[in-house]
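Generate the whole structure from the sequences, applying the supplied hints.
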Amino acid sequence: MTAGATLEKYIARIEEACGEEKDVIVHFKYEKKDEAISRILKRAKVERTVAGIIFDLTYKGFSIRLYNTGKAIFKKMKEKNQAQEVLAELLL
Amino acid sequence: MFDPYKIREDFPILKRKINNHPLIYFDNAATSQKPKQVIEAVKEFYEKHNANVHRAVHTLSMEATELYEEAHEEIAKFIGAESMEEIVFVRGTTEAINLVAYSWGLHNLKRGDEVLTSLMEHHSNIVPWEILSKIKGFKVKYADVNPDGTLSQESLEENLTSKVKLVCITHVSNVTGVVNDVKTIAKLAHENGALVFVDGAQSVPHMPVDVHELNCDFLAFSGHKMLGPTGIGILYGRRELLEKMEPFHGGGEMIREVSFNPEKQRCTISWNDLPWKFEAGTPNICGAVGLMAAVKYLRALGMENVKAHECALTDHAMKRLEECPKITVYGPKDVRSKCGIIPFNVEGFNSHDVALLLDSYGIMIRSGFHCAQPLHQKFKIPSSARASFYIYNTREEIDRFIEALKEIEQAL
Numbered sequence: 001m002t003a004g005a006t007l008e009k010y011i012a013r014i015e016e017a018c019g020e021e022k023d024v025i026v027h028f029k030y031e032k033k034d035e036a037i038s039r040i041l042k043r044a045k046v047e048r049t050v051a052g053i054i055f056d057l058t059y060k061g062f063s064i065r066l067y068n069t070g071k072a073i074f075k076k077m078k079e080k081n082q083a084q085e086v087l088a089e090l091l092l
Numbered sequence: 001m002f003d004p005y006k007i008r009e010d011f012p013i014l015k016r017k018i019n020n021h022p023l024i025y026f027d028n029a030a031t032s033q034k035p036k037q038v039i040e041a042v043k044e045f046y047e048k049h050n051a052n053v054h055r056a057v058h059t060l061s062m063e064a065t066e067l068y069e070e071a072h073e074e075i076a077k078f079i080g081a082e083s084m085e086e087i088v089f090v091r092g093t094t095e096a097i098n099l100v101a102y103s104w105g106l107h108n109l110k111r112g113d114e115v116l117t118s119l120m121e122h123h124s125n126i127v128p129w130e131i132l133s134k135i136k137g138f139k140v141k142y143a144d145v146n147p148d149g150t151l152s153q154e155s156l157e158e159n160l161t162s163k164v165k166l167v168c169i170t171h172v173s174n175v176t177g178v179v180n181d182v183k184t185i186a187k188l189a190h191e192n193g194a195l196v197f198v199d200g201a202q203s204v205p206h207m208p209v210d211v212h213e214l215n216c217d218f219l220a221f222s223g224h225k226m227l228g229p230t231g232i233g234i235l236y237g238r239r240e241l242l243e244k245m246e247p248f249h250g251g252g253e254m255i256r257e258v259s260f261n262p263e264k265q266r267c268t269i270s271w272n273d274l275p276w277k278f279e280a281g282t283p284n285i286c287g288a289v290g291l292m293a294a295v296k297y298l299r300a301l302g303m304e305n306v307k308a309h310e311c312a313l314t315d316h317a318m319k320r321l322e323e324c325p326k327i328t329v330y331g332p333k334d335v336r337s338k339c340g341i342i343p344f345n346v347e348g349f350n351s352h353d354v355a356l357l358l359d360s361y362g363i364m365i366r367s368g369f370h371c372a373q374p375l376h377q378k379f380k381i382p383s384s385a386r387a388s389f390y391i392y393n394t395r396e397e398i399d400r401f402i403e404a405l406k407e408i409e410q411a412l
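Each protein sequence line maps, in turn, to chains A and B. Counting from 1, one number per residue, gives the positions in the first sequence under my numbering. Counting from 1, one number per residue, gives the positions in the second sequence under my numbering.
Please note: incorrect hints may appear among the correct ones.
[Unchecked claim] Simulated crosslink set (DSSO-like; lysine-lysine; CA at most 27 Å straight-line):
(1) B:K15 with A:K29
(2) A:K9 with A:K78
(3) A:K78 with B:K378
(4) A:K78 with B:K380
(5) A:K33 with B:K326
(6) B:K36 with B:K6
(7) B:K380 with A:K75
(8) A:K76 with B:K326
(9) A:K32 with B:K136
The set of hints was computed from the structure by calculation and includes no laboratory data.
Laid out in structure tokens, this is it:
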């Protein structure tokens with residue numbers, strides 16, 4: 001599956017948040033969120049978890065906060081494309 | 001009697017559950033929810049009266065035109081304008097500011113002049129002036145903000161030189177809820193020979209606003225923040241100013257006559273009467289009808305009651321936030337100098353984390369710069385979370401919000 005197809009399969013929306021942090025907010029498709037979370041948890045390193053609701057992850061030097069509601073924040077990214085590249089790897 | 005529980009029955013969306021929790025909507029500074037009276041007005045317009053306005057003779061067009069003009073009259077009454085000629089329908093506050101920038105500023109500002117605004121403005125009251133200053137060569141100056149988020153009167157007065165031709169100031173900050181003393185600012189500006197433009201996006205929906213009492217020359221606000229549909233907003237302008245101003249957009253509706261001169265191979269154009277001179281093209285008729293229903297709803301509640309309810313909610317929220325040791329609230333602590341908007345951060349979380357976590361409790365708040373980056377720079381914070389209240393919010397919702405914040409604090 002291509003990177004584009006992978007993103008299309010799992011992601012409903014990606015938005016650059018405003019604020020100096022340059023965070024990128026990812027909304028997974030509701031029906032695919034559990035599968036997406038499971039795939040990401042297999043590949044990224046879980047640094048910390050809060051009651052199975054929030055997962056603080058690292059992957060290739062990037063910090064990610066994953067929520068079991070089907071959302072994630074990719075911290076301090078240069079731009080949205082960078083988050084998409086990381087996501088494509090994590091969701092493969 | 002003002003009863004938020006009864007009011008809530010008019011808002012179908014408030015029956016929703018989000019993430020298995022009853023919806024708590026605290027993002028009212030971004031946009032408000034819509035009562036069934038507004039939804040029904042929009043539906044009824046399309047089901048029974050839909051047609052284009054003006055210059056048609058058929059029954060439906062007459063009905064649509066009457067409704068559209070009645071909407072202008074309702075808005076004029078709501079803000080104490082002299083007549084509907086002073087009420088221009090636009091897409092929202094942003095377009096209203098751009099209208100004044102290009103219809104007035106482009107023709108009246110020149111090199112050596114100054115436009116005075118402030119560091120607490122929404123980007124929409126900064127960017128149009130900065131863009132225009134590059135074209136016309138005038139200077140944009142910024143009145144400073146005190147550490148508590150209030151406007152520095154000293155800085156405003158220092159910057160209010162004889163070169164200032166226009167003071168553009170927000171009535172209420174969309175970040176801190178600080179209410180500016182626009183009446184005094186307008187007095188000072190007028191004594192100095194400057195006109196006064198007021199961004200009323202966060203004030204008109206929440207408190208009584210009378211353009212004569214404020215003594216402003218222009219006032220802009222958005223329908224969607226006051227129970228109305230999106231895509232409809234208002235520019236109030238003093239009649240004599242609007243009459244002298246050039247149109248913003250050219251097209252149909254805004255002209256009286258376009259006559260072709262074969263010898264000169266040019267068209268001679270005369271403008272339509274106010275306010276149509278500024279409403280080129282087919283307007284947002286349905287939006288205007290929806291906004292009229294929203295204004296009637298607010299008038300029935302009484303804007304003094306709306307203000308009192310939001311003050312009480314803000315007071316309650318500010319007191320309860322003191323129970324949260326990891327939370328920093330920005331802006332003034334005295335609720336008498338602010339509206340129902342509370343910006344804050346939770347130690348250890350960025351604002352987007354806080355918004356996402358609250359979303360899992362069914363609580364909708366906003367995070368980021370709120371289109372006011374200079375104010376965040378002033379506060380030396382990268383972003384903030386923002387809770388903002390309206391007529392349908394309750395003390396119980398604030399209590400649930402506080403309990404959720406306490407759980408978030410403990411999550412670290």
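Subject >> Violated hints - listed by number, lowest first >> reply: The structure breaks hints 5, 9; every other hint is satisfied.
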